[in-house]
Amino acid sequence: MPQRTAFASELAWPDYHDAVKDGTTPILIPMGAMEQHGHHMPLHVDVLLPTEFARRAALEIDALVAPPFTYGYKSHQKSGGGNHFPGTTSLDGATLVASLRDVIKEFARHGVRKIGLVNGHYENSWFIIEGIDLALRELRWDGITDMKILVLSYWDFVGEDDIARLYPDGFPGWALEHGGVLETSLMLALYPHFVDLSRAVDVTPASFPPYDVYPVKPEWTPTPGTLSSPKEATAGKGELLLKVCTEGVVGALRAEF
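For the sequence shown, our numbering begins at -13 and goes up steadily by one.
It is worth saying that the hints were derived from the structure and are not from the lab.
Certain hints may be false.
Said to hold, decoys possible - Below, a list of computed lysine-lysine pairs in the DSSO-like style, where the Cα atoms sit at most 30 Å apart:
1) K217 - K203
2) K91 - K60
3) K60 - K7
4) K60 - K203
5) K7 - K134
6) K229 - K217
To be verified - Ranges of calculated distance between the beta carbons of each label pair, as one might list FRET restraints:
7) F(-7) - E124: 38 to 46 Å
8) I115 - E(-4): 27 to 35 Å
9) G9 - W112: 21 to 29 Å
10) T10 - P178: 31 to 39 Å
Idealized CB from N, CA, C, for every residue including glycine.
Build the full structure now, drawing on both the sequences and the hints.
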C-alpha cells in the first residue's frame, strides 16, 4: 500500500478508506500515559516511545498508526513511582477499558481486521486485555468474527544477552526500570532534546516490601520518582534497544498478520 505517511490521522478520509476497507492493512495503536519520569525527562515518555516503535513498524509492514492513547491507567508505586506525583495524570481502569473498546469497534466498522496495540506503559496491560475482550465480544454480536488483535510491549523483546550488555553491573528488573537506563537511553537516541542528564539523580534501586498499602506511602518511592538510576544511560544503548525492540515488534506483526 503506497502511502506518504505512517499516521492514519494525516490522511484524507477517502485515502484512509481505500487503505483499510478490505481489512488487509493493520492499524497500530500506541498505548501511552502521562506520567512523571524523574527530574531529567518529560511527562510524555510513555507516549513518545510506543508511537515511534509503531511508526517504524508501520513503514516496514505497510500498516497505519492510529493516534496514541495519551492517558493511561494509574501509576503503580512499585512500577511507576505511584500516582501521587504532580504531572502524572491517569484514567480509571473502567475509563481506559471503555475507551479502547470503543476505538477497536470503530476501526472494525471502517473495515479494519488487524490491530496491533503497542504498549509503552506497564500499568495499562490488564486493562488493554479487558478492552480487547469486550470489543471482540460485542463485534461477535454484530457478526464480525474475523478480527485479530496483537498486544506488544516493546521491552518484552529485550533478550538476556541484550540485558547483559546494557546492565554490566546487574539488572534491577523491569518493574524498577521506570525512568532508568532503558527509557532514558531510548530517549537519548530518539529525542535527546527532551533529556537533561545533568538533572538525573543517581538513586539506589527502590526496595519495596512484599505487599501494597493504600493510600500509598510516598516515602517508599525515591524522591526523584525514578525507581533505579538513569546515570548509565547512553544514546549508544538507546540505539541497541531501538534496533532490538523494532525488530521484535516487526517480527511479531509479520508472524501474526
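Hints, one by one, checked against the model:
1. K217 - K203: Distance ~26 Å between K217 and K203 Cα, so the pair holds.
2. K91 - K60: holds, 24 Å
3. K60 - K7: Violated. K60 to K7 sits at ~35 Å, over the 30 Å cutoff.
4. K60 - K203: holds, 15 Å
5. K7 - K134: Holds - the C-alpha atoms of K134 and K7 are around 15 Å apart, at most 30 Å.
6. K229 - K217: Roughly 21 Å between the alpha carbons, so the hint for K229 and K217 holds.
7. F(-7) - E124: 38 to 46 Å: violated, 27 Å
8. I115 - E(-4): 27 to 35 Å: The hint (27 to 35 Å, Cβ to Cβ) holds, given that I115 and E(-4) are roughly 29 Å apart.
9. G9 - W112: 21 to 29 Å: Distance hint for G9, W112 holds at roughly 28 Å.
10. T10 - P178: 31 to 39 Å: holds, 37 Å
Violated hints for the displayed structure, listed by number in ascending order: 3 and 7.
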